[in-house]
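*Asks:* This is what each chain is made of:
2 protein chains.
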Amino acid sequence: MSGTLYGVGVGPGDPELMTVKTWRLISTAKVIAYLAANGGESTARAIAEPFIAEDAEELVINMPMRVDPDAGQAIYDKGAESIAAHLLAGTDVVMLCEGDPFFYGSFMYVFERLANRFKTIVVPGVTSISASAAEMGQPLCARNDVLKILPATLDEQQLRKELATAQAAAIIKVGRHFGKVKEVLRSLDLERRATAISYATQEQQIIQPIAEITDDTLPYFTTIIVKA
Amino acid sequence: MSGTLYGVGVGPGDPELMTVKTWRLISTAKVIAYLAANGGESTARAIAEPFIAEDAEELVINMPMRVDPDAGQAIYDKGAESIAAHLLAGTDVVMLCEGDPFFYGSFMYVFERLANRFKTIVVPGVTSISASAAEMGQPLCARNDVLKILPATLDEQQLRKELATAQAAAIIKVGRHFGKVKEVLRSLDLERRATAISYATQEQQIIQPIAEITDDTLPYFTTIIVKA
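In order, the protein sequence lines correspond to chains W and L. In terms of this note's numbering, the first sequence opens at residue 3 and continues consecutively. In terms of this note's numbering, the second sequence opens at residue 3 and continues consecutively.
Chain W with its partners taken away, still in its complex shape:
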């Protein structure tokens, strides 16, 4: 019998924000898989670290930061095949995912390669959006609010249009798009209703009201919460 592939959300950063189920699966896993960017440390692994068994085997999918799409796909192909080898041998594999596996996660690249061949179970996790609101001490949405999750890569016009009809929004992957986002927020008179958080619940967390930021770039892992 083949093993089961588990895609587990480890939450936004604080290891205690992992679910009990994810904690149980990680601490009993014989094989752990994760993505590492550019040969560096994997954030998901760093979050899960306190719970990984000493003798667990680790499968690292090494993804360079700048890679052309075809080469990226080939890296996922190869990573999926090493996971598949364990599953075929009857061993379960637990793949660590930052936040929630199905919420803007790279787990989907492994999922689309293996879910049709092997039993696959996804364990949801706390998203960085929920963690951001909690850290800001500010309710995200209530009652009949429309909440939008908007990648900062959208163009100015789209961002403006979407923000104009939302009671609450989280703008994600801010990074070098911050200048544009700030301009859009200003034009909608939402600048004072928006707060940026970088690295939510991680050691280097920073919370800043948008109106006080003079830079045009923020870290990639920055979310802006807007309450209209």
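Take these hints with a grain of salt, some might be off.
Pairs count within a copy or across copies, as identical chains cannot be separated in the list.
Using 35 Å as the maximum straight-line C-alpha spacing, the simulated DSBU-like pairs for lysine-lysine come out as follows [stated by the list, open to error]:
# : residue 1 : residue 2
1 : LYS80     : LYS229
2 : LYS182    : LYS32
3 : LYS163    : LYS32
4 : LYS229    : LYS121
5 : LYS80     : LYS182
6 : LYS32     : LYS175
Everything labelled a hint here was simulated from the structure, so no lab data went into it. Small disclaimer: the values here were computed from a predicted structure and weren't measured.
Based on these hints, arrange chain L on the given structure of chain W.
*Replies:* Just chain L, lined up with the frame of chain W:
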């Protein structure tokens, strides 16, 4: 010194989908508070039940199903005051919230009454949206998708407009609005890209493709996931 108010998300239903932090706070709490609808059982309490200490004191805010807004506010006032009495006596209070406290949660009514008077910590939880995607085995959003959370109470025109410009959407609080929602999905040719889930991760969970549902009403705790 006053006690601390903790608003803890217990997740969508499966007790194992609670975070380790919430589990720790519940299992060591001397005073637990929660909302109960109409004198019935509290879903949040049912989820947390296995972890509540035997000698913990329980503060129930009893909220009738149909109550006029003023009477509802008075019930929150009274509930907040009994929580405040414990905090003033130096005892921490752990308030249980389904899903995530700041994501369409009623915790905000207690938060807005007490957070300016007492130290308040919110522990985020797994939302029913993340749980729904995991149970369906279907990625919710990826890359530069726009994701919208849309209450089913929106009128037809708003729903149609918002759905037309989203790559992914979760329509929440479906209940008696299902007929209208189905009509909107049909008019956008999204009927076959939408799936309903009621009571995600709870015992009575049901997953149904929209095109196969003939009823005009679904349970209130139904979410429809749409992938454009």
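*Asks:* Now, for every hint given, state plainly whether the structure supports it.
*Replies:* Comparing the hints with the structure gives:
no.: 1; hint: LYS80 with LYS229; in the structure: between (43 Å within a copy, 28 Å between copies)
no.: 2; hint: LYS182 with LYS32; in the structure: neither (46 Å within a copy, 49 Å between copies)
no.: 3; hint: LYS163 with LYS32; in the structure: neither (48 Å within a copy, 48 Å between copies)
no.: 4; hint: LYS229 with LYS121; in the structure: between (41 Å within a copy, 23 Å between copies)
no.: 5; hint: LYS80 with LYS182; in the structure: neither (37 Å within a copy, 46 Å between copies)
no.: 6; hint: LYS32 with LYS175; in the structure: within (33 Å within a copy, 40 Å between copies)
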